[in-house]
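Using numbering that gives the first Met the number 0, the final residue of the sequence shown is 218, and nothing's skipped along the way.
No lab work stands behind these hints: they were computed from the structure.
Any given hint might turn out to be false.
Said to hold, decoys possible - Taking lysine-lysine pairs in the BS3-like style, the calculated list, with each CA pair at most 25 Å apart, reads: (1) K200 with K149; (2) K200 with K153; (3) K149 with K41; (4) K41 with K153.
In this text, all values refer to a predicted model and were calculated from it rather than measured experimentally.
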Amino acid sequence: MRRGSTLVVMSSIPVETARGQSERATAGGLNYIDAPVSGGEKGAREGTLAIMAGGEVAQVEGLLAVFAPMGHVTHVGPVGSGQLAKLANQLIVASNICAVAEALLLAERGGADPARVREALLGGFADSTVFRQHGLRMVEGNFVPGGPAKYQVKDTGTALALARAQELQLPIAEQVDSLFRRLVDEGGGDLDHSAVFLTLKNMNQPGTSSPNNREWRIP
0 MRRGSTLVVM
10 SSIPVETARG
20 QSERATAGGL
30 NYIDAPVSGG
40 EKGAREGTLA
50 IMAGGEVAQV
60 EGLLAVFAPM
70 GHVTHVGPVG
80 SGQLAKLANQ
90 LIVASNICAV
100 AEALLLAERG
110 GADPARVREA
120 LLGGFADSTV
130 FRQHGLRMVE
140 GNFVPGGPAK
150 YQVKDTGTAL
160 ALARAQELQL
170 PIAEQVDSLF
180 RRLVDEGGGD
190 LDHSAVFLTL
200 KNMNQPGTSS
210 PNNREWRIP
């Protein structure tokens, strides 16, 4: 790359990795922006991704035309801040998925139709993109991966490692990470992260805690 060019890294990487890359880029005469995204396959196809950019404001604003076809970009702070925003996003998504899974399991176990419960809650305070998309996956039993569970574990693990380094206690994140690790350990790492619903079902059925008794099913 020519000196003065801007290197934009859109991968989800550790914060310190982004900062280290920025230092090396700067030493070589380059600008650096870390700009991970959220929105999944649907957002990528439709050009509606949420792009979280860390770096100099002027550099981000100078690339608005580059980001525009992909989605909406927001400058969130200095280099590394894009990764911090992505980790925050991933914790919210992971926690929401687990909450939806527990709620639908409770409804199902109590005798309600979980699909109808989901329909009833659409538009209420419990509604969200996760509830709509992943709740539907759960009631349909469709765990073909959009976001594989093994990548969710990577993100929650990265977030918790950063929290420990900052001496932060994140008890909800720890429980969520534990559930997804159990899903991966039981052989569901390549399933969609909404398959944590199956892990919860297995945990609540006598004699089905073994991976050999899991309910994994991909239509």
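query: Can you list which hints this structure breaks, lowest number first?
result: As far as the earlier hints go, not one is violated by this structure.
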